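There are 2 protein chains.
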Amino acid sequence: MIKLYESQISGNCWKVRQMLAHRELPYESIELSVVDRSNRADVIGGANPALRVPTLILDDGRPLAESNAIMLYLAEGTELIPEDPYERAQVLQWLFYEQYDHEPNIAVARFQLMYAAEPDEAAIERTQIGGRRVLATMDDHLRGRTFLVAERYTVADIALYAYTHVAGDGGFELSDYPAVQAWLARVAAQPGHITLLGD
Amino acid sequence: MIKLYESQISGNCWKVRQMLAHRELPYESIELSVVDRSNRADVIGGANPALRVPTLILDDGRPLAESNAIMLYLAEGTELIPEDPYERAQVLQWLFYEQYDHEPNIAVARFQLMYAAEPDEAAIERTQIGGRRVLATMDDHLRGRTFLVAERYTVADIALYAYTHVAGDGGFELSDYPAVQAWLARVAAQPGHITLLGD
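Chains V and D, in that order, are what the protein sequence lines are.
When we follow this note's numbering, the leftmost residue of the first sequence carries the number 10, and every step to the right adds one.
When we follow this note's numbering, the leftmost residue of the second sequence carries the number 10, and every step to the right adds one.
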């Protein structure tokens, strides 16, 4: 059976849970702390050079890491990845944007405010400035669009939903971004949508 | 003809130049400053929500952004992307690792030390710690391997080469990472390899 090393509070892990649910693949969940990471090398050192969750172990024992790479692997051949090469590339564009601009600001602000043992004030200030720029960028893009790419629900929407829908935890005011809010509601209304933290 | 908004000093832009050279695709280069970004919204605002270089404009006028997404688009169907789904996923894993862990440390340290008008000491300290961790992770992975994935040269090697080979500019000592150094030499020896800054 597939094993998933994960954390229930992680949006990156939620992406993988959402894809596994979409594919109706059973898996064993192994919970790792995102605060005390001292056992990471022992537990997933051989499977993920970055020592992060999510780390997936396929049913034949082969490991795979990086939430967006795992999503793309699980989504291949489904309707969640467009077949058109340019639309595929646009999906990838948003996935890289998510990991470079979005997650390091919005997820880090959330982590610092909600979970960090000793919050880093400089990191909070930096990520809140960066996160507001990201939300404004998404709001501009989503104005007049239903989804991020090709007017349909894709893995790009799953990736960006992960931390956008809990941006309030990071001190962001989602009501300032109405096109983002309308898009969040469309993603949450997709058949088979699962929630973060079961809430 | 393809247009590439780029900077000659950017490793992210080098990735795209390397792919265009590999595909033998002619293109028009439009140089943008990575220091004074005040004209970005006017020049590429409609093409790239993140307002960054590289931004590619295909010959039919459609835009594409994010260096690794552009590389994957240009590499599709070539030997630079494995056909095996798991090997493809491993390539993607390293591309996301590059944008999340590698570039924000090693490229940012280099930018701060080489190009920033007012270097940010806190950013330099943070990125040098992070960058040394990344180089150690790569060195562990590359020990006993010839390339990052599937024992062959792929877009993952191009992506990670971009800023690793100029890590010295960011204050990193590459001789501390012998497996990385040997891999850099293998990548540079690939047929059709082009250099950054023409050096």
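Just so you know, the hints here were simulated from the structure itself, not pulled from any lab data.
Predicted model, so just to flag it, every value in this text is computed and none were measured.
For every residue, glycine included, the Cβ atom is placed at its ideal position computed from N, Cα and C.
Keep in mind that the hints are not guaranteed to be accurate.
Calculated cross-link-like contacts (lysine to aspartate or glutamate; reagent style EDC-like; alpha-carbon spacing at most 20 Å) [claimed, not checked]:
hint, chain 1, residue 1, chain 2, residue 2
1, V, K12, D, D148
2, D, K12, D, D51
3, D, K12, V, E40
4, V, K12, V, E37
5, V, K12, V, D51
6, D, K12, D, E40
Label-pair ranges, simulated between beta-carbon atoms [said to hold, decoys possible]:
hint, chain 1, residue 1, chain 2, residue 2, range
7, V, E33, D, G86, 42 to 48 Å
8, V, R161, D, G86, 20 to 26 Å
9, D, D149, V, G70, 19 to 25 Å
10, D, L34, V, A126, 46 to 52 Å
11, D, P94, V, G54, 35 to 41 Å
12, D, P128, V, A126, 27 to 33 Å
13, D, R32, V, A126, 31 to 37 Å
14, D, V44, V, A126, 34 to 40 Å
15, D, R46, V, L67, 18 to 24 Å
16, V, R142, D, E85, 42 to 48 Å
17, D, G201, V, P200, 44 to 50 Å
18, D, A131, V, G54, 28 to 34 Å
Hints, verified against the model:
A threshold of 20 Å between alpha carbons decides the hint, and for K12 of chain V with D148 of chain D the separation of about 27 Å lies outside it, so the pair is violated. About 16 Å separates the Cα atoms of K12 of chain D and D51 of chain D, which keeps this hinted pair within 20 Å; it holds. Straight-line distance between C-alpha atoms of K12 of chain D and E40 of chain V comes to about 47 Å, which puts the hinted pair past the 20 Å bound. Between K12 of chain V and E37 of chain V, the direct Cα distance comes to roughly 5 Å. Compliance with the 20 Å bound is thereby established for this hinted pair.
For a cut-off of 20 Å, the pair hint linking K12 of chain V to D51 of chain V stands: about 16 Å separates their Cα positions. A threshold of 20 Å between alpha carbons decides the hint, and for K12 of chain D with E40 of chain D the separation of about 11 Å falls inside it, so the pair holds. For E33 of chain V and G86 of chain D, the Cβ-Cβ distance of about 31 Å falls outside the hinted range of 42 to 48 Å, so the restraint is violated. At roughly 24 Å, the beta-carbon separation of R161 of chain V and G86 of chain D lies within the given 20 to 26 Å, and the hint holds.
Taken as a hint, the range 19 to 25 Å holds for the pair D149 of chain D and G70 of chain V, whose Cβ atoms sit roughly 20 Å apart. Range check, L34 of chain D to A126 of chain V: about 51 Å between beta-carbon atoms, so the 46 to 52 Å window is met. Taken as a hint, the range 35 to 41 Å is violated for the pair P94 of chain D and G54 of chain V, whose Cβ atoms sit roughly 25 Å apart. The hint said 27 to 33 Å for the Cβ distance between P128 of chain D and A126 of chain V, and at roughly 30 Å that hint holds.
Range check, R32 of chain D to A126 of chain V: about 49 Å between beta-carbon atoms, so the 31 to 37 Å window is missed. Against the hinted window of 34 to 40 Å, the Cβ-Cβ separation of V44 of chain D and A126 of chain V comes to about 37 Å, which satisfies the hint. Range check, R46 of chain D to L67 of chain V: about 42 Å between beta-carbon atoms, so the 18 to 24 Å window is missed. At about 31 Å, the beta-carbon gap between R142 of chain V and E85 of chain D misses the expected band of 42 to 48 Å.
For G201 of chain D paired with P200 of chain V, a C-beta distance near 47 Å keeps the hint of 44 to 50 Å intact. Between A131 of chain D and G54 of chain V the CB atoms are about 30 Å apart, so this pair conforms to the stated range of 28 to 34 Å.
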